[in-house]
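J.: So the chains spell out like this:
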Amino acid sequence: MLRTAVRNLFAHKARLMMTVLAVLLGVAFVSGTLVFSDTVGNALKNASAKNLDDVAVSVQAESEPPKADDRRTTVLTDKTAAKVRAVPGVRAVRADITGDAVLAAKDGKPVGEAWQNLAANYQPGPDGKDGRYPLVRGRGPAAAGEIAMAEATARKAGYRIGDTVRFATNGPVLAKKLVGLVATDDPKVTAGGSLVLLDTATAQRLYLHPGQFDELVVSAAPGADEAALTREVRAAVPGKGATVTSGTALAEEQSVLLAEQNKALTSTLLTFAGIALFVGIFIIANTFTMLISQRRREIALLRAVGASRRQVVRSVLIEATLLGVVASVVGMGLGVGIATGIRAVLNANNAGLPDGPLVISPVTVLASLATGTVVTVLAAWLPSRRAAKIAPVEALSTVDTQAAPRSLVLRNIFGAVVGGAGVAVMFWASTLESSDDLPIAMLGSALTMIGVIVLAPLLSRPLVFLTGAVTGRLFGTVGKLAKENALRNPRRTAATGSALMIGLTLITGMTVVGHSAQSAVDRMTSTQLTADYQITTSTYSGLDPKLSAKTAQVPGVTAVAPLRNSAFLLGEDAVNLNGTDLRTIGRVTDLKVVQGSLGAVHGDAVALAKSVADKTGKHTGQSLDVSFFGDKKRHLTVAAVYEDNEIAGDALSDLPLVATPTERPKDDSLLVKTAHGASEATAAQLRAAFGDNPLVKVQDHEDLRRENAGQIGMLVNMVYGLLGMAVVIAVVGVINTLAMSVFERTREIGMLRAIGLARTGIKRMVRLESVVISLFGAVLGIGVGLFLSWAGGSMLASSWKLYETLLPWGRLALFVAIALAVGVLAAVWPARRAAKLNMLEAIGAQ
Amino acid sequence: MSHAAAVPAPTLATSGVAARAADLSRVYGEGETRVVALDSVSVEFGTGQFTAIMGPSGSGKSTLMHCMAGLDTISSGSARIGDVELAALGEKKLTQLRRDKIGFIFQAFNLLPTLTAAENITLPMDIAGRKPDPAWMNAVIETVGLSGRLAHRPGQLSGGQQQRVAVARALVARPEIIFADEPTGNLDSRSGAEILGFLQESVRAMGQTVVMVTHDPVAAGYADRVVFLADGRIVEELHRPTSDAVLDRMRRFDGRGRTQ
Numbered sequence: 001m002l003r004t005a006v007r008n009l010f011a012h013k014a015r016l017m018m019t020v021l022a023v024l025l026g027v028a029f030v031s032g033t034l035v036f037s038d039t040v041g042n043a044l045k046n047a048s049a050k051n052l053d054d055v056a057v058s059v060q061a062e063s064e065p066p067k068a069d070d071r072r073t074t075v076l077t078d079k080t081a082a083k084v085r086a087v088p089g090v091r092a093v094r095a096d097i098t099g100d101a102v103l104a105a106k107d108g109k110p111v112g113e114a115w116q117n118l119a120a121n122y123q124p125g126p127d128g129k130d131g132r133y134p135l136v137r138g139r140g141p142a143a144a145g146e147i148a149m150a151e152a153t154a155r156k157a158g159y160r161i162g163d164t165v166r167f168a169t170n171g172p173v174l175a176k177k178l179v180g181l182v183a184t185d186d187p188k189v190t191a192g193g194s195l196v197l198l199d200t201a202t203a204q205r206l207y208l209h210p211g212q213f214d215e216l217v218v219s220a221a222p223g224a225d226e227a228a229l230t231r232e233v234r235a236a237v238p239g240k241g242a243t244v245t246s247g248t249a250l251a252e253e254q255s256v257l258l259a260e261q262n263k264a265l266t267s268t269l270l271t272f273a274g275i276a277l278f279v280g281i282f283i284i285a286n287t288f289t290m291l292i293s294q295r296r297r298e299i300a301l302l303r304a305v306g307a308s309r310r311q312v313v314r315s316v317l318i319e320a321t322l323l324g325v326v327a328s329v330v331g332m333g334l335g336v337g338i339a340t341g342i343r344a345v346l347n348a349n350n351a352g353l354p355d356g357p358l359v360i361s362p363v364t365v366l367a368s369l370a371t372g373t374v375v376t377v378l379a380a381w382l383p384s385r386r387a388a389k390i391a392p393v394e395a396l397s398t399v400d401t402q403a404a405p406r407s408l409v410l411r412n413i414f415g416a417v418v419g420g421a422g423v424a425v426m427f428w429a430s431t432l433e434s435s436d437d438l439p440i441a442m443l444g445s446a447l448t449m450i451g452v453i454v455l456a457p458l459l460s461r462p463l464v465f466l467t468g469a470v471t472g473r474l475f476g477t478v479g480k481l482a483k484e485n486a487l488r489n490p491r492r493t494a495a496t497g498s499a500l501m502i503g504l505t506l507i508t509g510m511t512v513v514g515h516s517a518q519s520a521v522d523r524m525t526s527t528q529l530t531a532d533y534q535i536t537t538s539t540y541s542g543l544d545p546k547l548s549a550k551t552a553q554v555p556g557v558t559a560v561a562p563l564r565n566s567a568f569l570l571g572e573d574a575v576n577l578n579g580t581d582l583r584t585i586g587r588v589t590d591l592k593v594v595q596g597s598l599g600a601v602h603g604d605a606v607a608l609a610k611s612v613a614d615k616t617g618k619h620t621g622q623s624l625d626v627s628f629f630g631d632k633k634r635h636l637t638v639a640a641v642y643e644d645n646e647i648a649g650d651a652l653s654d655l656p657l658v659a660t661p662t663e664r665p666k667d668d669s670l671l672v673k674t675a676h677g678a679s680e681a682t683a684a685q686l687r688a689a690f691g692d693n694p695l696v697k698v699q700d701h702e703d704l705r706r707e708n709a710g711q712i713g714m715l716v717n718m719v720y721g722l723l724g725m726a727v728v729i730a731v732v733g734v735i736n737t738l739a740m741s742v743f744e745r746t747r748e749i750g751m752l753r754a755i756g757l758a759r760t761g762i763k764r765m766v767r768l769e770s771v772v773i774s775l776f777g778a779v780l781g782i783g784v785g786l787f788l789s790w791a792g793g794s795m796l797a798s799s800w801k802l803y804e805t806l807l808p809w810g811r812l813a814l815f816v817a818i819a820l821a822v823g824v825l826a827a828v829w830p831a832r833r834a835a836k837l838n839m840l841e842a843i844g845a846q
Numbered sequence: 001m002s003h004a005a006a007v008p009a010p011t012l013a014t015s016g017v018a019a020r021a022a023d024l025s026r027v028y029g030e031g032e033t034r035v036v037a038l039d040s041v042s043v044e045f046g047t048g049q050f051t052a053i054m055g056p057s058g059s060g061k062s063t064l065m066h067c068m069a070g071l072d073t074i075s076s077g078s079a080r081i082g083d084v085e086l087a088a089l090g091e092k093k094l095t096q097l098r099r100d101k102i103g104f105i106f107q108a109f110n111l112l113p114t115l116t117a118a119e120n121i122t123l124p125m126d127i128a129g130r131k132p133d134p135a136w137m138n139a140v141i142e143t144v145g146l147s148g149r150l151a152h153r154p155g156q157l158s159g160g161q162q163q164r165v166a167v168a169r170a171l172v173a174r175p176e177i178i179f180a181d182e183p184t185g186n187l188d189s190r191s192g193a194e195i196l197g198f199l200q201e202s203v204r205a206m207g208q209t210v211v212m213v214t215h216d217p218v219a220a221g222y223a224d225r226v227v228f229l230a231d232g233r234i235v236e237e238l239h240r241p242t243s244d245a246v247l248d249r250m251r252r253f254d255g256r257g258r259t260q
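Chains as they are written, first to last, in the UniProt record's numbering: chain A, 1 to 846; chain B, 1 to 260.
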């Protein structure tokens, strides 16, 4: 039987190409993901190990929240550092200060991503240089007016040595002279961040207090025992306010952290690889079904000469195994290439992944080969059962028998039950109040999709009839023939269409949700935000309350309302409270008060959003027993209730209520209304009021919209990219189906040619069949995607009032157009083959 | 089209020539594998005549039909349908010629399983974008006795009925000539006789020209004329044959074949 299987495999090389390709691409995705994550994980681990190479003990200060002057206080002082230095076995101690510093580039715009703008202190050794930051050019900063920065940062910002650099930590803008450029392999910097270096005294003045440090990094003298050293260092530092960790433990912590991050990325990628493989199953199953139906005679003959049913099944499964192994091995190789390519592409886009050898672990090899092979064998299992049912007597019949079309009744019942359950779950999910019920929605989505896939043969009839009516109208007889061909084998058309449907369902769902979310955000800015500008800081460090008054004095500004975010617990529910200026809040947002009045909101009297009031059953005049975070119990009263408003949040109060004794008050944002609307000049004046601080973001409606659109768009695009492979495999499936159909219909095509259908007509017929199948997949996919995004969106809308499912018609039309293009493209090769068939041989073909 | 023109008066004697081969040769392969399938064949197929081409396997009878019908290319010589020289036609023109001027009946797989009998019958005209003449179509369908079966798909028809659909398809477009390749090869003798009867009837009653390749003497007995091929040449001709006469000739070929 092995020999039969091998012979069969080789006899149908060309026909199996597409199936191999489908398995291969899925496996490449899997192995590419595994190799990539192992390689990057290993490189990151090495890089972090290298950073910690010389670290025997680390003493990290727990920084207390900044008090009145914005600066942190730590327990690590010059004195502590001296004590640690005196511990026997200590070779050297670095006393580090770290903070954020946002640089303004030459053009005034901030440099790098906000969360990766590092500042540190330059610690020259006896030779006047800091070994941790090797100088590339110039010298280290030595005075309050000097600064150094990473070479990459300077290049990005356009600064040269000698230039005056403008930057901000979290206060006003500072200006210092650039004196040196250093090299660094800090992943945050290589990944698009920035690094500036200040002299220690300046850094302490900016972030801590004189004589204080964030971390003491101890390196050991040769021969010193790390554990003993750690114990002794622990004894030398204050017991409270600092954590002492050995270098080994630190490396361990880091590697666990890295592994966790890596795992999250890997499992996301593997999910999409799984979708791609799942799509591949349809193609494999299609191929084996077709191969077996073409081989009925052969199999009957095998049975007639004494092969048992089991042997027939085994022969088919061996064939599938061989195919799976071959495809997996090639896919594995391709995956390694993909992994290498991804790293290069990401690094070309400033991802800053460290270099390192390619890691191909035995687990990766085994997992890839096993996945590919198991998927192939599983997909071939049902067709193989069918092969076993072929009766030996068929070998003797003179007429070619085709398998009688099997009834779809059982399948339809099963599909209706599963799909019905899925739809019911989704309807239920759409009424759910909380986004925590996401797993329910995911289960419902999965059931709905499975149901539709099972029902696809049934659905193919009306849908293909519909599209076929159009092709028939447009292309006459050839269009009608194409439709009939697509209808001829509903299971095959369904499987091919389903493969395309899966990718499109997810893509459509994602697109609709993204579009709707975008519109909701737009609506918030356009309807609720009546202010012309929102001013925030890119580090979320907040704005000095004095700036609010300063802003109000900018010419043209008619109202400024600060917002200070806070929150309290009301029973079990967390309520977001915004402290604001109640005299101006109504001018910067469209606040509709339904009960009481905002004028009454002061002291312990607050205003509640209507949904919060409804949920808790409170109305004006009633009291609220709440606890602020930090267990501060307060007795509040409700002074007003307003229509839900995303800018005002759940509750509004006077500014003093949200003040805390430990923290200096800060405005999280300022909303600014001007007399003549947003203009470039006003924006410039506002920025000037903040000293052209690179930390401060002055955004008008358009800026806000673009920022949100960018975030949502990036997420949607990422999903498009990850689902790309599934769609490519589905296209391979369409090609596969067409190629096999053309092969099966050789004689028919010969006859059509003989009675006068030109080659172009044959090509068109195949192309239209392909388009009909692709459109079927697209309609299913878009339809299911729309339903799921509607149901999921309704769930989302329960907690996000402005959200409402909106259809991105342009995108949907684009998807249909892409499906059309896919149909035409997939048909290129099969159509050419069909047109090239030798007529006489085709007519006589057996 | 008037009904009178649609069903012309029966004529037996014919003057015109529907198709003609002159020094027609067809050679396959080159060098050692060179096979001469047709060797300077010259033959005429008269309008309104039912001609059978007979000969043992490998005699070139199918090749002759394929060449005359524009299904195969010719190596040298001339093949004409009416006044049209096939050798001069390109791929596209040949396809058009087959569609507009020639009808085909094959041994099997004549029909598209996805189309109904009626749709199969009008298929060549649909491809050409022409409308069938309803009166003529009815006449043809009635002649072959398919009236009640027009909405059936081939899978629901017997082999004989399927072949009748093929005959109707060949007739309905009123081609200049119909080529039939072993049209009864897959049928039982009763169905076969019916098909041959229709073909004969189409020639006698409708003035159709039919050329049929067969190796069955009984089938050849329905023809007005039998042309015998052997080794790529025409070796004998019979007019108004009986199946016995045909059988007799064939025995002689076989005998000669064996003694050689």
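Derived from the structure by calculation, the hints contain no laboratory data. Wrong hints could be hidden among the right ones.
[Said to hold, decoys possible] Once the Cα atoms are required to be at most 27 Å apart in a straight line, the calculated DSSO-like pairs of lysine-lysine come out as:
(1) 188/A / 50/A
(2) 101/B / 592/A
(3) 188/A / 79/A
(4) 101/B / 763/A
Since this is a predicted model, take the numbers as computed values, not measurements.
J.: Against the structure, test the hints numbered earlier, and report the numbers of the ones violated in rising order.
T.: 2, 3
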